[in-house]
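**Student:** Produce the entire structure from the sequences given, and follow the hints as far as they go.
The listed protein sequences derive, respectively, from chains R and E.
Taken in order, the first sequence gives residues 1 to 234; the numbers are from our numbering.
Taken in order, the second sequence gives residues 235 to 655; the numbers are from our numbering.
One or more hints might be untrue.
What the hints assert, rightly or not - The list that follows gives simulated cross-link-like pairs (lysine-lysine, DSBU-like), each with its CA atoms no further than 30 Å apart: (1) E:K441 - E:K393; (2) R:K38 - R:K73; (3) R:K32 - E:K542; (4) E:K542 - R:K126; (5) E:K457 - R:K126; (6) E:K542 - E:K264; (7) E:K441 - E:K457; (8) R:K112 - R:K98; (9) E:K542 - R:K29; (10) R:K38 - E:K457; (11) E:K457 - R:K48; (12) R:K73 - R:K98; (13) R:K48 - E:K455; (14) E:K457 - R:K73; (15) E:K455 - R:K38; (16) R:K98 - R:K126; (17) E:K264 - R:K126.
Because the hints were derived from the structure by calculation, they are not lab data.
Bear in mind the structure is a predicted one, so any value in this text is a computation, not a measurement.
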Amino acid sequence: MWRSAFTILALAVCIVQAANAQALGDPDKGEKLFAQCKGCHQVGQGAKDRVGPHLNFLFGRRAGAHEGYRYSKDLARAGANGLEWHADTLDIYIENPKNLVSGTRMSFRGMKDPEDRADLLAYLRKFSDNPANIPEADPTATGTDHDVDPEILAIVGDPEYGEYLSSECTTCHQADGGDSGIPSITLWPEEDFVIAMYAYKTKRRNHPVMQMIAGRLSDEEIAALAAYFGALEP
Amino acid sequence: MKLNRRAFLGSATAAAASTAPMVRAAGHGKPRVVVVGGGAGGATAARYIAKDSKGEIDVTLIEPTRHYYTCFFSNLYLGGFRTLESIGHSYGTLAIEYGINVVHDWATGVDRDAKTVALAGGGRVPYDKLILSPGIDFVDGAVPGWDQSKQHIMPHAYKAGSQTELLRAQVMAMPEGGTFVMVAPPNPFRCPPGPYERISMVAHVLKETNPTAKIIVADPKAKFSKQTLFENGWTKYYSGMIERIGPDFGGGNVSVNTDEMTVDIDGEIVKADVCNVIPAQKAGRIAELAGVTDGNWAPINPSDMSSKADPDIYVLGDAALQGDMPKSGFAANSQAKVCANAVRGALTDSRVFPAKFANTCWSLITTNDGIKVGAAYEPTEEKIASVDSFVSQVGEDEATREATYQESLGWYDGITSDMFG
Ligand SMILES: Cc1cc2nc3c(=O)[nH]c(=O)nc-3n(C[C@H](O)[C@H](O)[C@H](O)COP(=O)(O)OP(=O)(O)OC[C@H]3O[C@@H](n4cnc5c(N)ncnc54)[C@H](O)[C@@H]3O)c2cc1C
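**Tutor:** Structure (C-alpha cells):
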C-alpha cells in the first residue's frame, strides 16, 4: 500500500519534470533559415540597414520605430498604435507579413512551417537584450502553462510538495507570519487561499508579481501550497 | 524589537565562534555537505539543507566574515534610508538553531579527487557534496590605473560593508559643487540595476546637502536595466545634476589616476572629488581554484545547479554561468533552494521536485518612489531560460510607487530571514 502510493507520487514528479520550459526553437537551424531574409536584412555585429532595417535588438522594440530607417506608412502607423515585436507578433508577421500589416513594404511571401518560424525566431532572439543583463528583456523560452480546472477546490494538496514550493514564496512572505510590506499567508483556510491564488492567476486581482507567480502554478501546486501554508505554525 | 534580536544574535555569534574551528573529521556515517560562502546563495542553501534534512546531513558553512552586510539595500544606506547596522547579519542562528558548523575562514583550494576543501587557517574539510557560492571578484586590469590596492581611494562598494561606509563618508565630505564620478561596469555584472539605483541615491543625498554638485557616469553599455524608469526619475527629481556618458561618447574608454583624483574619459580629463569604480567582474576566485570555471564564470546544469565540470560540486549565485537569470540576491536565493532539494535527494532518500526559479529586483529612485522588474525562469536543456516577466510602468501613480517600495521592505525582511533564520 505504502509502496504503491510512493510510486504514484514518483510518477507524478516525473511528469512535472518532463514539462520543463521549451526553448523558442533551435537557433542553429534558424541561422540557416535566415538565408531567406539575408537579401534584405542584416543581423549581428556591425549590421546595417539595407532594403529592410537591421534586426538587432528586435525583441521588445516597437514596430516601425528603428531610427534612421524609412518605413512604409502602414508599418509606422501600426507601431504608433502599439504594435511591438515579441515572439507572438513576429511569428504572425513572418508567417505572412500582409496578414499583420496590410500595407507593409516587406515583400516576402511568408514562412509557412511553424517549426521553421520558431527556429528562425530563436536565432534572431540571440541578437536582442539578454535577460541576465537587462531583466525586463523579452522571455527566451515558453513556459509550461496550465489550464484552470473547474473542480480545483476539490483537489487534495500534497503538503510535502507544498513545502518545497513554499520556498519560492518565503523570499517575500515571511514564514513566521510577519507582514511588513507584504501580507501574511500562513494559517489561511485552504479554500480562501486557493480562491486568492486563482484571482491572481486569472488576473482578476491586479498585482504583476503575484499574477506571474500564480500564473505559473498548476492546480495541484496551488492545492499543495494551500495545504502547506494552511497548517504552518510559526 | 529589532534591537533586542540583534543583541541576542551578537552574543550567539560569540558562542558559535568559539566552537567553529572544530571541523569534524571524516569517518562518521552521516553524509557531509560543505558550503563555501555565506551570502545570498550559500547561507540559504546551508539553512535549507540543515532544516529539511533534520539532522540527517552534516552541514559545514565556510565564510571568512562574522558579519555579512547585504549588498541589497546598501544603496539605501548610501541614500540615508537605512543604517549600516540594519543591513548587517551574523551566523549565530544558523549555528545554534540549525546545527550548522560555521567555520570563519577562507577556503583556499579544493581537492576534487580527495573531496576536501583546504582552509587558509590550515586543515581540510571533507565533503560528499560541495556547494560554491563565493560571489564575485574583479577582473584584473579592467579599469587602467585601478586595482584592489586603490579601493580605499576610489571605492567600488560592490561588496558591502566598510567599502559602502567609505563611499558614503566620501559623498558626505564632498566640497560644495563638487563632482561625483562613477565608472560603471560592462555586462555581465552583479545586480543590473545596482549602479543606477546608486546614482539615484547619491543624487538624493546631494540634492539635500550639496545641490550644486554634479554626477557623471561613464558607462560602457549602450543600454541598462529599467533605463527609461530611472531616466524619467532623474529628470523629475534631479534635473540637471546627472550626466551619463554612454559608449557612443567614449564612456567605455576610461582610465583613472588615483594620485591626481582624475578620470580620463575618452581623452577628456575630469577632476573627481569622489570616484566610484565598479570594475568588470568574474566568479569568486575559489571557483577558478576548484577548476569549475570556463572563462570568467562557472557553467552549471540548469535542473539542479550542479557544475558541468564535476557532479559533486554545485555553483550558485553570481559565480554561476546559468543562462538568463540576472546576478541578484533574489536569484541566488532561488537557485539555492533548487540546489538544496537536489543535494538532499542525492544524499538521502528525500523527494526531488522539479526546478523553478524566480527573480524580482526593486530599486528606489527617491523617497517612496520604488520600481521593480522581475521574471520567472525554468530549466531548458542548455540554460535557465526566462519564460515570463514584468516591469514597473512609466507614469504609474504615486500610491503604486509607494506600495512598490513598501514591498521591497517586506522582501528584505523575508529574504534575510530565509538566509539567516
Ligand atoms: C549595490 C548593490 C545593490 C544590490 N541590490 C540588490 C537588490 O536590491 N536585490 C537583489 O536581489 N540583489 C541585489 N544585489 C546583488 C546581490 O547582492 C548579489 O547578487 C548576491 O549577494 C549574490 O549572492 P552570492 O551568494 O552569489 O554571493 P555573495 O552574497 O556575495 O556571498 C558570497 C560570500 O562568499 C564569501 N567568500 C568568497 N570567497 C570565499 C572563499 N574563498 N572562502 C570562503 N568564503 C568566501 C564572501 O565573503 C561572501 O560572504 C545588489 C548588489 C550590489 C553590489
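**Student:** Hints broken by the structure, by number, lowest first?
**Tutor:** Violated: hint 17 alone.
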